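Engineer: Below, each chain spelled out in residue letters.
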Amino acid sequence: MRALLINLCLDPLSELEFVKPIEYILRYHGINTFIKRYMEISPEDLGLAEKVILCGSALKDDHFLTDKWFRWLEKYDRPILGVGSGSHAIAKAFGCSLINKTKIGMFKVRLIRESRLMDKRVFYAYFLTKRAIIPTKPLESLAKVGNLDCMIKHESREIYGCLFHPEVMNPEIIVNFISKT
Amino acid sequence: MKLGALFSGGKDSCLAIHKARAFHEIACLISLIPKSEESLIFHFPNIWVTRFQAEAMGIPIIQIETEIGEEKELTSLFKALKLAIKRYGISGIVTGAIRSTYQASRIQRICNRLGLWCFNPLWLKDQEELIREVLEAGFEVIISGVFAYPLNSSFLGKKLDAKLLIELLDLWRKYGISIAGEGGEIETTVLDAPMFKRRIEVTDYEIQYRGGSGIFRIKDLRLVDK
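Those sequence lines, one after another, are chains A and B. In terms of the working numbering, the first sequence opens at residue -5 and continues consecutively. In terms of the working numbering, the second sequence opens at residue 22 and continues consecutively.
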């Protein structure tokens, strides 16, 4: 198993905060990883990876939304998980709207559809986001925080997004993504 | 980018600065001085020493006294950051937060209100790895507070080294104590680090230990050439 971790941080200092913690979780579970910045991904990188995680970024960092960096997502056939900002990148690549909504801290999440990523119906998760996703086909909502959609999935492919940061309070989501998709 | 560093004088805030300096300029340090030691968020026994650590680093420091209570402490932090923006033109801050979502989310909200970048380079870092990094980088760190059983007065003033790390790892396995002290079990004070131009020498201290917790109170110090 080889997982590609995509670094969405424009500032290199943020990689320690948003990419390394996910790498630690995977390393602890014996998963090999390699890290690439979002503007430097090559077809070879995508070919080498069996699964891909789009990691988060700082609250002020939305450079990754400024261009069509993620067009490859539409045709890529391997499992993908977007975390925090990574879920924004997935939403944008599949034509969903992003709305301004700041959510910082720990909030209760309700699963509204069964998912192999999480077996709890209700759980707490850590949010650090300035945007929420309005899921439209082919993406559908898996979970809500209040009235906001906070987990998404592609209707027919193994593509997932978490608006929150599972590496902080719900590492099983990352582990399940690797082991069950 | 010019950053302000939230600074307690302990190993975590110093390591965060050490990492941030690789990419950014640390324009100032920011310390909140609690009027009471029961402070919820900023709880450090030798906080007055931060002024001398700043001098040792050659970086200006903003020190603001804060009343006890979450809201008052956060209001003080807000004021301190506004001052840092005005006086030093910072665009962001760096903190030594490791695991506390309580502390991190409150600081993130304040940064968001002020339009500041917020960097937490130690976030979710493995405790043992963190201490090893501190030692490998050449930090001189002493234990300046113990607040959990079975840590006792014999730990106070001890230098953090490979031998003490093994001892702390043993306590972690037996009692579940956070060896990095993120749960408030241990407080540390940094006497020297790679970014210090001079090191701190403690010339007078007292150990206060009572009811399972204690502090190594630095009463006097001097800066010496390295």
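In short, the hints are calculated from the structure, not lab data. Be careful, since some hints might not be right.
In silico lysine-lysine, DSBU-like type, Cα no more than 35 Å apart, as pairs [stated by the list, open to error]:
#1 95/A with 93/B
#2 54/A with 100/B
#3 102/A with 93/B
#4 86/A with 23/B
#5 184/B with 95/A
#6 195/B with 62/A
#7 107/B with 97/A
#8 54/A with 107/B
#9 54/A with 184/B
#10 56/B with 97/A
#11 62/A with 40/B
#12 195/B with 95/A
#13 86/A with 30/A
#14 195/B with 54/A
#15 23/B with 124/A
#16 40/B with 54/A
#17 124/A with 100/B
#18 195/B with 184/B
#19 102/A with 195/B
#20 95/A with 23/B
#21 107/B with 95/A
#22 56/B with 54/A
#23 102/A with 184/B
#24 107/B with 124/A
#25 40/B with 86/A
#26 40/B with 30/A
#27 102/A with 103/B
Among chain B residues calculated to face chain A with C-beta under 10 Å, some are [claimed, not checked]:
#28 24
#29 45
#30 48
#31 110
#32 120
#33 127
#34 133
#35 136
#36 137
#37 143
#38 145
#39 178
Here the structure is a predicted model, which is why all the values come from computation and not from measurement. Every residue, glycine too, gets a C-beta built ideally from N, C-alpha and C.
Engineer: Would you mind marking each hint as holding or not holding in the structure?
Structural biologist: Right, here's what the structure says about each hint:
1. 95/A with 93/B: holds (26 Å)
2. 54/A with 100/B: holds (21 Å)
3. 102/A with 93/B: Holds: residue 102/A and residue 93/B sit about 27 Å apart, inside 35 Å.
4. 86/A with 23/B: Holds. Residue 86/A to residue 23/B sits at ~32 Å (cutoff 35 Å).
5. 184/B with 95/A: Distance of about 49 Å is beyond 35 Å: violated.
6. 195/B with 62/A: Violated, because 52 Å separates the two Cα atoms, which is more than 35 Å.
7. 107/B with 97/A: This hinted pair holds, its Cα atoms lying about 27 Å apart.
8. 54/A with 107/B: Roughly 20 Å between the alpha carbons, so the hint for residue 54/A and residue 107/B holds.
9. 54/A with 184/B: This hinted pair is violated, its Cα atoms lying about 42 Å apart.
10. 56/B with 97/A: It holds: about 31 Å lies between the C-alpha atoms, which stays within 35 Å.
11. 62/A with 40/B: holds (31 Å)
12. 195/B with 95/A: violated (44 Å)
13. 86/A with 30/A: holds (20 Å)
14. 195/B with 54/A: violated (42 Å)
15. 23/B with 124/A: Distance ~23 Å between residue 23/B and residue 124/A Cα, so the pair holds.
16. 40/B with 54/A: The hint holds at about 20 Å.
17. 124/A with 100/B: holds (23 Å)
18. 195/B with 184/B: Holds: residue 195/B and residue 184/B sit about 17 Å apart, inside 35 Å.
19. 102/A with 195/B: holds (33 Å)
20. 95/A with 23/B: holds (27 Å)
21. 107/B with 95/A: Holds, at about 28 Å.
22. 56/B with 54/A: Measuring from Cα to Cα gives roughly 33 Å; hence the hint holds.
23. 102/A with 184/B: violated (43 Å)
24. 107/B with 124/A: Holds, at about 25 Å.
25. 40/B with 86/A: holds (33 Å)
26. 40/B with 30/A: holds (20 Å)
27. 102/A with 103/B: holds (32 Å)
28. 24: Residue 24/B check passes; min Cβ-Cβ to chain A is 9 Å, inside 10 Å.
29. 45: With Cβ-Cβ at 7 Å, under 10 Å, it holds.
30. 48: Hint on residue 48/B: violated, closest Cβ of chain A at ~15 Å, above 10 Å.
31. 110: violated (16 Å)
32. 120: OK, holds: residue 120/B within 10 Å of chain A, min 9 Å.
33. 127: The hint holds - residue 127/B has a Cβ within 10 Å of chain A, the shortest such distance being about 8 Å.
34. 133: holds (6 Å)
35. 136: holds (8 Å)
36. 137: holds (8 Å)
37. 143: Constraint on residue 143/B satisfied, holds at 7 Å.
38. 145: Nearest chain A Cβ about 4 Å off; hint holds.
39. 178: The hint is violated - residue 178/B has no Cβ within 10 Å of chain A, the shortest such distance being about 31 Å.
Checked against the numbered hints given earlier, this structure breaks hints 5, 6, 9, 12, 14, 23, 30, 31 and 39; the rest are met.
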